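The sequence shown begins at 434 in the numbering used here and counts up by one.
Because the hints were derived from the structure by calculation, they are not lab data.
Any given hint might turn out to be false.
What the hints assert, rightly or not - With a cut-off of at most 25 angstroms between alpha-carbon atoms, the simulated DSS-like pairs for lysine-lysine come out as follows:
(1) Lys592 / Lys531
(2) Lys531 / Lys541
(3) Lys541 / Lys520
(4) Lys623 / Lys660
(5) Lys636 / Lys623
(6) Lys592 / Lys676
(7) Lys587 / Lys663
(8) Lys485 / Lys473
(9) Lys489 / Lys541
(10) Lys643 / Lys663
(11) Lys520 / Lys643
(12) Lys587 / Lys636
(13) Lys643 / Lys623
(14) Lys663 / Lys676
(15) Lys592 / Lys623
(16) Lys676 / Lys660
(17) Lys660 / Lys643
(18) Lys662 / Lys636
(19) Lys662 / Lys643
(20) Lys592 / Lys541
(21) Lys541 / Lys473
Source: prediction; values computed, not measured.
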Amino acid sequence: MNNTLFFRLLSVLFFSLMVFIFTTFCAPAWAQTSRAETAKSYLERGQSWLAKGEFKRAISDFDLAIATDPSSAQAYFNRGELRRVTKDFAGAVDDYSKTIQINPTDAKAWCNRGIVHRHQGQIEEAIADITHALELNPNFAEAYYYRATSYCQKQLLEKAIADFDLAIRLRPRFAEAYNDRGVTLHRIGKLEAAIVDYNHTIKLQPEFVKAWMNRGIAYLEAGAMEKAKKDLAEACRLAPEMKATVEQILGSHKP
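Using the sequences and the hints, build the whole thing.
What follows is the structure, encoded as structure tokens:
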């Protein structure tokens, strides 16, 4: 065998070896990276549609992201969020469950699945999921808030107040937590403490209609009629559709 033929054969063997290495080791990794990048593009576009309220287009892109990369926990989570917003609760639970299967330490997925369970009236399941979220992330203010609202539905009001306390401690400008803690305090007869919480809510979020309504009712029960009328009037100004409800409330508290 002359040198020219030998080197040609060596070149062919080397090229074949490189092709084997690429197809065996590099190509699958490259394909996975490519799929992940494509899925990411679908996710970003879906998020953009979601922000614009284009729910059908958003879910179509999330579907494409999942079809492109079925291992993407974020794709399932985003579709679960959209399904929760559009009240497809069964679909949302499925997507959050898939997210958790792929990424068991995703505290937000556990919490949000719990929120959906609460909407479905499955309070025990809600509390269990949200508690697990808090085990994963003890500084999760929203999880304390949603567990508190679940406790309220079980009439576990002292536990609810303790969780509202923790939510507010972690997020001091949490208007909804102040309002709902006020409602819970009101329910157990702590009227003055409830009014203080409604004050905080209104200070943080002056257009929070329910807080004006709640404080107005609390003032009525405390016998502060003029303050009550002012708060209920403000609630009507912010939400004119509440006028009939306010008139009914005032009518039932005539001196």
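Worksheet entry | Numbered hints the structure breaks, given as an ascending list | 1, 6, 7, 12
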